[in-house]
Amino acid sequence: MNAITTLQAPALERFIARARGDVSVLRGDLPTRAVEAWHYTSLRDVAKVPFEDAPDADFEAARALIDAHFPADLNMARAVFVNGRFTPDLSTGLEAFDIAAFSPGSGAMARPERDAIAGINAALAQDGLTLRVPQDVDAGRLALISVDVGQGRFSTHPRHRIVLEDGAALSLLDLNFGSGAYLSNPVFEIVVGDRARLTHAKVQDEDCEAFHLALVYADVATRGLYDSFTLTMGAALSRHEVHAGLLGGHATVHVNAAQLLDGDRHADLTSVITHGNPDCVSRQTVKNVLLDTSHGVFQGKIYVDRIAQKTDGYQMNQALLLSDRAQIDSKPELEIYADDVRCSHGATVGALDEEQLFYLQSRGIPRDDARAMLVRAFLTDAIALIEDEGMHTLLDAAVDAWWARRS
Amino acid sequence: MPAVTETREAVETLSQSTYKWGFETDIEMEIAPKGLSEDTIRFISARKGEPEWLLEWRLKAYRAWCEMEPPLWAKPHHPPIDFQDAHYFAEPKKKPGPKSLEEVDPELLRTYEKLGIPLHEQALLAGVEVPEGEEARMPVAVDAVFDSVSVVTTFRKTLEEAGVIFCPISDAVKEHPELVQRYLGSVVPAGDNFYAALNSAVFTDGSFVYVPKGVRCPMELSTYFRINARNTGQFERTLIICEDGASVSYLEGCTAPQRDENQLHAAVVELVATDDASIKYSTVQNWYPGDAEGNGGIYNFVTKRGACRGARSKISWTQVETGSAITWKYPSCILAGEGSVGEFYSVAVTNNHQQADTGTKMIHLAPNTRSTIIAKTISAGRSDSTYRGLVRMMPKARGARNFTQCDSLLIGDQCGAHTVPYIENRNMTARIEHEATTSKISEDQLFYCRSRGLSEEDAVGLIVNGFCKDVLKELPMEFAVEAQKLLQISLEGSVG
Chain A
2 MNAITTLQAP ALERFIARAR GDVSVLRGDL PTRAVEAWHY TSLRDVAKVP FEDAPDADFE
62 AARALIDAHF PADLNMARAV FVNGRFTPDL STGLEAFDIA AFSPGSGAMA RPERDAIAGI
122 NAALAQDGLT LRVPQDVDAG RLALISVDVG QGRFSTHPRH RIVLEDGAAL SLLDLNFGSG
182 AYLSNPVFEI VVGDRARLTH AKVQDEDCEA FHLALVYADV ATRGLYDSFT LTMGAALSRH
242 EVHAGLLGGH ATVHVNAAQL LDGDRHADLT SVITHGNPDC VSRQTVKNVL LDTSHGVFQG
302 KIYVDRIAQK TDGYQMNQAL LLSDRAQIDS KPELEIYADD VRCSHGATVG ALDEEQLFYL
362 QSRGIPRDDA RAMLVRAFLT DAIALIEDEG MHTLLDAAVD AWWARRS
Chain B
67 MPAVTETREA VETLSQSTYK WGFETDIEME IAPKGLSEDT IRFISARKGE PEWLLEWRLK
127 AYRAWCEMEP PLWAKPHHPP IDFQDAHYFA EPKKKPGPKS LEEVDPELLR TYEKLGIPLH
187 EQALLAGVEV PEGEEARMPV AVDAVFDSVS VVTTFRKTLE EAGVIFCPIS DAVKEHPELV
247 QRYLGSVVPA GDNFYAALNS AVFTDGSFVY VPKGVRCPME LSTYFRINAR NTGQFERTLI
307 ICEDGASVSY LEGCTAPQRD ENQLHAAVVE LVATDDASIK YSTVQNWYPG DAEGNGGIYN
367 FVTKRGACRG ARSKISWTQV ETGSAITWKY PSCILAGEGS VGEFYSVAVT NNHQQADTGT
427 KMIHLAPNTR STIIAKTISA GRSDSTYRGL VRMMPKARGA RNFTQCDSLL IGDQCGAHTV
487 PYIENRNMTA RIEHEATTSK ISEDQLFYCR SRGLSEEDAV GLIVNGFCKD VLKELPMEFA
547 VEAQKLLQIS LEGSVG
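Protein chains in written order, with my numbering: chain A, 2 to 408; chain B, 67 to 562.
These aren't lab readings, by the way, just hints derived from the structure by calculation.
No incorrect hints appear here.
Each pair of labels, with its calculated beta carbon distance range:
1) B:469 - A:264: 29 to 35 Å
2) A:61 - B:135: 52 to 58 Å
3) B:248 - A:374: 53 to 59 Å
4) B:503 - A:379: 21 to 27 Å
5) A:394 - B:503: 31 to 37 Å
6) A:307 - B:503: 16 to 22 Å
7) B:358 - A:307: 18 to 24 Å
8) A:59 - B:146: 55 to 61 Å
9) B:469 - A:59: 51 to 57 Å
10) B:465 - A:374: 23 to 29 Å
11) A:293 - B:361: 55 to 61 Å
Keep in mind the model is a prediction, meaning the values are calculated, not measured.
For every residue, glycine included, the Cβ atom is placed at its ideal position computed from N, Cα and C.
Full structure from sequences and hints, please.
Dropping the structure here:
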């Protein structure tokens, strides 16, 4: 069966249009700010992307980028995608993993009609990681490295599918970086089985001219755990959108994130956590550190179905504005149809606490160092939420590298 | 224990179980033909003897409205409204110019009596009791609105002596055209949104308040709106202007008689406060919510906005929303004066098939502006209630502060409670804090009350009143009591 026939009708039209080289259809599909879900993020600039195939990869450039971003002493299996294509030469340690050949038809969760961005991915995806962790197997850690490198505007649309069978465990480090004015448009379809545990730590450190539009669909079964953390530092414009479904009783989802933005970057974290069953837990802490003229966006929705009694939902957004011209737009949202629930959310926005700064300065720490120290402490709080503690050091290092680069 | 007495009384009323104010007064009406067109607007304008500029303003609003689509972003859903299938003007037929209460149609007065409005000055004075050790309560001036036309305004003279103008807006158009022309539409422009444009085109009456420099309004001002005739929309327009150092407290109460068809209510309220002025606007909204199956009820699409134009000015909105099939209402403050203050205290109760989407907007334009939002939402039956609020700090709002607290209470497993805050900050020195919780009535609290001999319904009433206390205490005394009763009535049948 050809992949095309499994796509829904609107996506099929797009795909055919793409085949004919008429990409204006794709651009016309991009949501505008009049759409509530895109109220704070404009895709006007993304419409400039020609949706051309990625150029042939320059492996040397890719290797250099990986060396710069991925600590050499890190003993971790890695699956490397260069310009959206799996690159065995740069990957290591994958023998232990159950990886299947890519099949573009696997579009059950990221359905094109659900979302225009998913539709574009469905129409243009050519490769992706298809990984299965068998029942009761702890697969350990795996780094998924996506590097985009090339001249001119191009786009990559990897489509990853990660299935953890009952009782399985995996810790995934999802690294995204590159060089050039590309659009990176990864889609993840994640299934976490009964009692299975997946840690998904993502670092988005794309080129400052790049766009990054990521979509994650994660379904979690009874007593399963999807523990995610997204650190956003790069790209001119980015959005990380998570749709997490709690599909079995006592399932848990963590959608934590931190944004560390400078220049005039725009970063959007959007999540929809659906409590579809009783006794589930969701936790979300999102921290934004905004410098210069950067613009941070957080839109988080907790949806509690009528049957999802005894839901425990918590959502917190804290933003630090470190510049007069930085901007934050936050929309923590609760939509609740069950009565026996405990749901709360909070949001705070402000500058660094002058008293804390004064305290440190009065102990002889220069103001800039004191500022850096407080910001690090602010972010460490969020990073510490990842259950796989081995990831803490990695993410702390990524933040330190960012801070060192800046000053 | 007055609260308990209140509760008991309320529950006794409940046993009769139908909408308390569901009666219809039979008075001959003068009604505009059904439908909306430029001719309807010319008819309304001519009937009200309006000046040319106002007719032009209405027509401009109408043309803007024709280009607009009804807003669909709110949570409530309703069948499309046929705007051509309603009367846009209904006036109680009256003998020419009632000079005193005796001349007023006795049918009207009886209606008000049933509503418990202290229209008679005597009844009003009798109602004023001064509890020991408390400040003497001020008498209440009432501008009673019966369908579209204010019938009589009490205490107008007393107010005039203080320099306060309090009259139907149609009178203000004739007597103080310069004020009306200057301020009408200055806070809510004619083309602001779909329902505000509709209101601007066809508004029939409403209240006008002007408090001059340095005057503290000598009494609470109050308007009871009331929809009466079948198939008449009500389009009230209220304009309150409070000049430097002046202050006023304004009460708005709504009850509507029972009927089958959905009725449209699209009011606009504009408040203007200049330097050091203070406006307190309180609402108890109890339009007919529809029956237990969700038939009938009022569609309440209201645009309320206050402009704090002067330094240190203050606008405070307090609302208790218990009625209407659909409530769509976001009383807002534009904090343009340095150090100005905006407040929003709200209780929204929905039961049966009611839908409410309400909240506020606090737009901080100037330095050191402050705003507080306390919103309590209670959903029961099969209803849905949404808090939707915006806090926006603009680049010049140095040192601005906002605190928001939204709490939702769910009673029963067929209802929904939603919180949708929009938080936008463009100034690093501005601070915003938002917190929200959703829960049900705790079993412990219920058990505690029940073990002390309260019935389940009484216990729920007590707990709900406690949940809303932060808001209810902001209401003027007269309203606080009524509001507590309303909470009880609204939650009837939601427990057990």
